[in-house]
Amino acid sequence: MMQINKSAKQLLAPIVSNKRVGQYHQIIINIGDVAATCKPGNFVAISVGGDSSRMILRRAFAISRVSTSPTVGGTMELIVAAHGQGSKWLCAQGEGVVLDLVVPLGTSFGIPTEPVPVLLVGGGYGSAPLFGLAELLNSRGCRVDMLLGASTASKIYAPMEGKRAVNSMRIYTEDGSMGTAGRVTDPIAEIIKDLNVAVIYSCGPMPMLAAITKIADQFDVVHQCAVEESMACGVGICMTCVLPVANEDGSISNLRSCIDGPVMDGSRVQWSKVGQQL
Amino acid sequence: MMQINKSAKQLLAPIVSNKRVGQYHQIIINIGDVAATCKPGNFVAISVGGDSSRMILRRAFAISRVSTSPTVGGTMELIVAAHGQGSKWLCAQGEGVVLDLVVPLGTSFGIPTEPVPVLLVGGGYGSAPLFGLAELLNSRGCRVDMLLGASTASKIYAPMEGKRAVNSMRIYTEDGSMGTAGRVTDPIAEIIKDLNVAVIYSCGPMPMLAAITKIADQFDVVHQCAVEESMACGVGICMTCVLPVANEDGSISNLRSCIDGPVMDGSRVQWSKVGQQL
Amino acid sequence: MTALDFSTTIGNAWFPAPTFTASGCASSGRELAQFFPLREMGGVVTKSVMSKSRSGRPTPRMAETPSGMLNSIGLQGPGIDAFLAKDVPYLVEQKARIIVSIAGETVEEYSTLARKLRSVSGISAIEVNISCPNVENRGLVFACDPEASRRVIDGVRRTIGGELPIIAKLSPDVTDLVSIAKGVVEAGADGLALINTVLGMVINVETMRPHLGGKTGGLSGPAIRPIAVRAVYQVHAVLPQIPILGMGGIASGKDALEMILAGASGVAIGTASFGNPTAIMSIQNELKQLLTDRGFTSLKEAVGFAHRPSERE
Amino acid sequence: MTALDFSTTIGNAWFPAPTFTASGCASSGRELAQFFPLREMGGVVTKSVMSKSRSGRPTPRMAETPSGMLNSIGLQGPGIDAFLAKDVPYLVEQKARIIVSIAGETVEEYSTLARKLRSVSGISAIEVNISCPNVENRGLVFACDPEASRRVIDGVRRTIGGELPIIAKLSPDVTDLVSIAKGVVEAGADGLALINTVLGMVINVETMRPHLGGKTGGLSGPAIRPIAVRAVYQVHAVLPQIPILGMGGIASGKDALEMILAGASGVAIGTASFGNPTAIMSIQNELKQLLTDRGFTSLKEAVGFAHRPSERE
Ligand SMILES: Cc1cc2nc3c(=O)[nH]c(=O)nc-3n(C[C@H](O)[C@H](O)[C@H](O)COP(=O)(O)OP(=O)(O)OC[C@H]3O[C@@H](n4cnc5c(N)ncnc54)[C@H](O)[C@@H]3O)c2cc1C
Ligand SMILES: Cc1cc2nc3c(=O)[nH]c(=O)nc-3n(C[C@H](O)[C@H](O)[C@H](O)COP(=O)(O)OP(=O)(O)OC[C@H]3O[C@@H](n4cnc5c(N)ncnc54)[C@H](O)[C@@H]3O)c2cc1C
Ligand SMILES: Cc1cc2nc3c(=O)[nH]c(=O)nc-3n(C[C@H](O)[C@H](O)[C@H](O)COP(=O)(O)O)c2cc1C
Ligand SMILES: Cc1cc2nc3c(=O)[nH]c(=O)nc-3n(C[C@H](O)[C@H](O)[C@H](O)COP(=O)(O)O)c2cc1C
Ligand code: FES
Ligand code: FES
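Protein chains in written order, with this note's numbering: chain A, 4 to 281; chain B, 4 to 281; chain C, 536 to 848; chain D, 536 to 848.
To be clear, the hints were calculated from the coordinates, so they are not data collected in a lab.
Just to be clear, a hint being listed does not mean it is correct.
Capping the alpha-carbon separation at 25 Å, the derived lysine-lysine pairs in PhoX-like fashion look like this [said to hold, decoys possible]:
no.: 1; chain 1: B; residue 1: Lys196; chain 2: B; residue 2: Lys166
no.: 2; chain 1: A; residue 1: Lys276; chain 2: D; residue 2: Lys750
no.: 3; chain 1: A; residue 1: Lys9; chain 2: D; residue 2: Lys630
no.: 4; chain 1: D; residue 1: Lys621; chain 2: A; residue 2: Lys9
no.: 5; chain 1: C; residue 1: Lys789; chain 2: D; residue 2: Lys750
no.: 6; chain 1: B; residue 1: Lys22; chain 2: B; residue 2: Lys166
no.: 7; chain 1: C; residue 1: Lys717; chain 2: D; residue 2: Lys750
no.: 8; chain 1: C; residue 1: Lys587; chain 2: B; residue 2: Lys276
no.: 9; chain 1: A; residue 1: Lys22; chain 2: A; residue 2: Lys217
no.: 10; chain 1: D; residue 1: Lys621; chain 2: D; residue 2: Lys717
no.: 11; chain 1: C; residue 1: Lys823; chain 2: C; residue 2: Lys789
no.: 12; chain 1: C; residue 1: Lys587; chain 2: B; residue 2: Lys12
To spell it out: a stretch of chain C is covered by chain D in this simulated footprint if at least three of its residues, at any positions, have a beta carbon under 8 Å from a beta carbon of chain D; those stretches are [claimed, not checked]:
no.: 13; region: 552-566
no.: 14; region: 587-597
no.: 15; region: 707-719
no.: 16; region: 740-749
no.: 17; region: 788-802
Every value quoted in this text rests on a predicted model; they were computed, and no experiment measured them.
Note that CB positions come from ideal geometry on N, CA and C, so glycine has one too.
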């Protein structure tokens with residue numbers, strides 16, 4: 004069994020800025036030295052609602068990007084969708100508000116040792132952690148292509164600077180309100196063949212990850228996906244966040260997506276067994 | 004049985020200002036036209052903690068004073084002690100925050116039909132509603148004398164302007180850090196005799212009210228006191244806030260301090276039976 | 536779009552809306568009438584009334600707890616005669632639909648109360664609160680004893696005759712709620728009210744003694760909602776024909792919908808009214824909207840919907 | 536001022552502090568060790584282990600509720616052999632005090648588990664989680680049946696011999712907790728763990744079906760604290776000599792003190808660790824301070840203090 008991220012720390016950290024971007028909030032938090040220990044794919048668990056909140060559990064968010072500057076120190080960027088009460092509370096917190104965090108948590112995306120062509124696929128706010136990843140892959144000499152998809156334009160997260168590190172970026176919306184009308188999975192097979200893609204990195208809703216796994220398996224391409232399961236603790240102690248994953252011997256185990264994930268080998272996740280009794 | 008205050012309304016009202024005064028917070032809230040229906044002795048019930056709070060019950064606060072100005076409209080002043088989580092939350096809310104109120108609630112102090120000498124006795128923040136009362140009594144031609152007491156100086160609430168409407172104001176602290184060292188009840192008998200006091204109005208902790216009742220009964224002086232019992236609803240529907248009160252026929256009933264009070268006839272309250280099985 | 540049929544029935548009693556005050560959480564009704572007309576909700580369930588007047592338990596009678604509260608009122612009230620003389624006529628005058636809640640310390644007391652209600656007009660149903668200590672049997676709460684529960688309902692049924700619907704109000708503090716529910720239905724209950732408060736306690740860490748005058752109290756509010764939903768779901772699964780008045784922590788239209796999907800034909804709102812005197816009206820409006828949004832044309836279609844196999848399965 | 540004696544004992548097991556992880560809320564211990572040294576708390580109560588490995592119930596396995604949460608893990612775990620091979624040695628190495636929680640589906644399974652533990656060194660006590668469905672008796676939960684509860688404890692006692700203290704962990708979902716507690720103590724339990732989660736349910740108003748994969752789940756967290764305090768108080772009143780491990784919604788030193796005043800000799804922290812991985816350490820420090828502030832010179836003096844008549848009376 005895996006252990007918790009060795010760098011995980013609990014800390015109080017102030018919000019540096021909180022800006023609306025489409026349907027999301029871009030929240031930048033000063034986490035000082037801890038920023039240096041965060042890797043693409045890691046997530047943060049945040050207490051929400053304040054001291055007298057009836058929300059007793061932390062909320063998990065992917066770390067979109069970290070950076071260090073001599074003036075502000077180490078910061079972490081989150082892209083947050085106002086979903087239920089906890090994320091709405093977070094989106095409403097302004098500059099200077101101090102958050103209670105546990106960070107960094109979980110596994111990170113594996114980086115190829117060789118400079119191979121890679122494809123990054125993001126659904127909705129799932130694109131957030133892919134930009135930090137793209138920069139890293141780019142710096143290692145990989146050719147990086149990116150596909151972003153969502154139901155509609157306002158749910159596409161694609162910052163200007165994000166394009167710097169990628170070779171191409173294509174956008175798909177189901178209603179055609181931005182980019183090509185259709186699903187982000189539509190062109191993947193084509194791209195794998197054209198560009199000789201060695202690794203697919205993905206983050207987004209589970210049906211998207213499952214569909215990508217199918218294509219990746221077909222072409223025998225490595226598929227590293229960041230999953231999202233309901234999490235009570237985020238640190239591996241509650242066993243609520245499990246996903247069925249194939250072991251070496253073919254048996255299936257319920258692994259914790261908070262410490263054996265969120266980044267997992269897509270081909271080992273048993274997507275059809277999610278939510279079923281093993 | 005009494006009925007709920009006929010003027011009671013539920014409304015959303017913004018904070019005009021929130022200032023620290025000694026150990027208390029003076030909070031002024033814009034309640035518009037409702038201000039005109041508030042009488043000295045009435046209280047307000049306030050939702051605390053926001054939408055996702057685990058505090059499900061309103062907090063009760065005496066209305067210290069109301070005023071109407073052409074610029075701001077009708078306002079209400081509260082003097083709030085940061086006691087537990089709910090009152091601490093309230094004290095932390097700044098200008099512009101909109102509060103959910105039910106106001107005015109409860110009975111009010113009865114005003115003598117003749118201009119008689121009256122004594123006002125306040126303990127701690129219990130002095131708050133006495134200043135609005137003093138102005139009213141003063142305008143009716145009563146001679147108003149006031150005694151304020153607390154354990155220590157910072158718990159005395161005695162605003163500058165408060166002295167305008169009173170003939171004399173004496174302060175007692177148990178630790179002698181302000182005014183005379185001793186209890187606010189010490190001089191009452193003397194004052195009743197000297198000034199021929201016809202009515203005592205009091206507000207403060209229960210032992211103080213009980214002690215004043217004893218003295219008032221001895222001199223056969225009317226004693227109107229504002230009580231403070233734990234209240235779940237403030238509007239008469241839960242029966243949690245009861246006090247044992249003598250009926251005309253000598254029997255004792257548990258009356259709701261939120262609608263049969265908070266202002267009650269001290270001589271009818273059975274102080275020794277509070278917290279006892281009737 | 537057709538209008539939503541929002542009505543509900545319990546036995547032969549019809550209510551235009553499925554939203555009720557919870558017993559003991561609306562006093563005589565007069566106090567809430569300050570905030571909205573009582574006839575606009577489904578009905579008023581009155582505070583449990585006993586034969587004689589009672590002054591209840593000593594204060595403190597309440598403690599706020601995380602997302603809940605404890606109360607130990609001890610059924611303070613005027614007694615059945617004063618209740619019938621003053622409170623019922625007021626509610627009738629307000630055109631409120633009335634469910635009278637009764638409580639007793641002996642099986643006989645329940646029957647006596649039923650007898651007094653038999654000929655009173657303007658009453659839609661009787662709720663029998665059996666969460667009271669049984670003085671004939673070691674102070675055990677009726678609702679915790681299957682046999683005692685049946686005897687109470689049987690006595691009330693015999694006294695009241697076939698006309699007035701009887702709703703048995705059960706306590707969740709039991710090992711086997713379903714068998715108690717079955718027992719009271721066999722004994723003649725037309726409907727069930729689920730759940731009464733859960734027994735709880737708070738110790739004051741300053742005095743270092745139980746905070747409530749009555750030591751223990753009943754836990755209510757959102758904290759117990761998952762327990763209430765489970766109770767309603769369990770009972771509806773085995774008694775799908777029996778209307779259930781669901782309650783326990785309902786504070787929004789969403790909460791009310793949850794209870795209805797679990798199997799409740801109506802919902803009662805208690806503690807939420809303490810925090811918000813117009814809670815019942817908001818809940819009623821929100822519920823109507825939520826049902827309409829989901830394509831239901833009647834409340835009845837939604838009752839127990841969560842029991843149907845989902846498409847996925 | 537003399538230093539506070541913060542230690543506690545359960546049977547012949549001694550612990551330097553009265554603060555434990557609640558079973559199932561600390562996984563193997565490794566994960567929390569990232570945040571503080573495990574030996575600094577009273578002890579680790581391990582996740583209930585069964586004979587064979589289990590993959591547990593389907594997801595979703597959790598739902599947040601007002602001031603609480605539901606879980607339906609279904610005792611996922613590696614089975615006793617892997618547990619003894621991997622987890623116990625790690626905890627021993629960390630110098631943590633260990634209470635092993637066991638669970639079974641038959642009386643025999645509990646005894647088998649006890650047999651495997653008998654000769655393992657480094658274990659301070661066994662907690663017997665009897666809140667499991669009894670496959671031999673219509674799936675009824677052991678802890679809801681006085682007779683089945685006794686038989687489980689009796690079997691474990693006989694197998695384990697007189698050395699290792701046995702703590703019976705009871706469910707609050709019963710009509711008469713006190714009689715179940717008395718039964719297991721007569722059958723040989725040295726201590727009691729109160730309370731396990733309360734059965735609850737959440738219905739997802741979007742899918743309109745039960746939210747949890749397992750449909751029902753166990754309610755934990757501050758929402759249930761008043762129920763837990765009441766349970767501990769009731770049981771301590773009749774069994775004052777039996778040490779109780781109190782749990783249910785403890786999230787601060789104040790909450791821990793409340794439980795101790797009610798009659799607990801130790802406290803276990805579950806859900807609070809999910810919201811705050813260092814919760815146990817803060818609770819421990821705050822509790823120490825609160826006891827000292829109140830003039831106690833030992834934890835033991837405070838146990839059950841709320842049962843003493845107060846000066847007023
Ligand atoms: C590893 C990981 C990374 C994530 N990254 C992002 C991100 O970058 N941006 C973003 O906007 N959201 C992200 N999410 C989803 C985010 O955690 C949920 O939207 C959030 O927890 C919802 O909380 P709420 O109070 O607003 O909603 P509610 O529905 O009220 O939450 C109720 C409970 O369910 C849990 N829950 C609800 N939805 C989800 C979900 N989708 N995933 C996990 N738990 C859930 C909550 O944590 C909470 O305990 C991520 C989730 C995980 C597990
Ligand atoms: C009629 C009336 C007038 C009041 N006027 C004032 C005032 O002018 N200024 C002021 O500072 N305070 C006043 N109080 C007291 C104030 O209501 C409490 O301090 C406040 O409710 C405490 O809430 P909390 O969340 O801070 O404390 P907690 O102790 O956490 O509250 C827990 C629960 O107990 C109740 N409670 C606790 N203390 C009291 C109390 N003393 N009286 C009633 N309920 C209590 C709370 O309402 C809440 O439901 C008044 C109370 C009443 C009944
Ligand atoms: C202050 C108070 C008084 C109550 N009195 C009664 C009562 O007289 N009879 C009764 O059957 N239930 C009584 N109850 C229980 C409620 O009717 C209801 O079953 C319970 O509170 C759960 O609903 P809620 O969470 O909406 O309050 C009372 C509850 C409270 C909080
Ligand atoms: C996720 C989770 C898993 C649990 N697993 C177990 C278990 O394996 N064995 C057990 O006896 N209790 C188990 N419990 C119950 C806890 O040990 C504890 O009794 C209960 O949660 C109340 O305490 P809390 O409110 O501090 O969490 C579990 C609770 C939770 C929340
Ligand atoms: S969220 Fe608790 S183990 Fe993963
Ligand atoms: S506070 Fe509810 S009746 Fe007075």
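Against the structure, the hints come out as follows:
1. A distance of roughly 23 Å separates the Cα atoms of lysine 196 (chain B) and lysine 166 (chain B); the hinted pair therefore holds under the 25 Å criterion.
2. With a C-alpha separation of about 17 Å, the suggested pair lysine 276 (chain A) and lysine 750 (chain D) falls inside the 25 Å cut-off, and the hint holds.
3. Between lysine 9 (chain A) and lysine 630 (chain D) the CA atoms are separated by roughly 20 Å; this keeps the pair inside 25 Å, and the hint holds.
4. With a CA separation close to 20 Å, the supplied pair lysine 621 (chain D) and lysine 9 (chain A) stays within the 25 Å bound.
5. Distance hint between lysine 789 (chain C) and lysine 750 (chain D) is fulfilled; the C-alpha atoms sit about 19 Å from each other, no more than 25 Å.
6. With a C-alpha separation of about 20 Å, the suggested pairing of lysine 22 (chain B) with lysine 166 (chain B) holds against the 25 Å cut-off.
7. A distance of roughly 22 Å separates the Cα atoms of lysine 717 (chain C) and lysine 750 (chain D); the hinted pair therefore holds under the 25 Å criterion.
8. As the CA atoms of lysine 587 (chain C) and lysine 276 (chain B) are separated by approximately 21 Å, the hinted pair is consistent with the 25 Å bound.
9. A distance of roughly 37 Å separates the Cα atoms of lysine 22 (chain A) and lysine 217 (chain A); the hinted pair therefore is violated under the 25 Å criterion.
10. The hinted pair formed by lysine 621 (chain D) and lysine 717 (chain D) fails the criterion: a straight-line CA distance of about 36 Å is larger than 25 Å.
11. Straight-line distance between C-alpha atoms of lysine 823 (chain C) and lysine 789 (chain C) comes to about 10 Å, which keeps the hinted pair within the 25 Å bound.
12. A threshold of 25 Å between alpha carbons decides the hint, and for lysine 587 (chain C) with lysine 12 (chain B) the separation of about 35 Å lies outside it, so the pair is violated.
13. Beta-carbon proximity to chain D at under 8 Å applies to 0 residues in the region 552-566 of chain C; the threshold of 3 is not reached and the given coverage is violated.
14. Three residues within the 8 Å Cβ limit are the bar, and the region 587-597 of chain C against chain D gives 0, so the coverage statement is violated.
15. Given a C-beta distance limit of less than 8 Å, the hint that chain D covers the region 707-719 of chain C holds, as 4 residues qualify and 3 suffice.
16. Residues of the region 740-749 of chain C with a Cβ under 8 Å from some Cβ of chain D number 5, which satisfies the need for three, so the listed coverage holds.
17. Counting residues of the region 788-802 of chain C whose beta carbon lies closer than 8 Å to any beta carbon of chain D gives 5, which meets the minimum of three for the stated coverage.
Hint violations for this structure: numbers 9, 10, 12, 13 and 14, all remaining hints satisfied.
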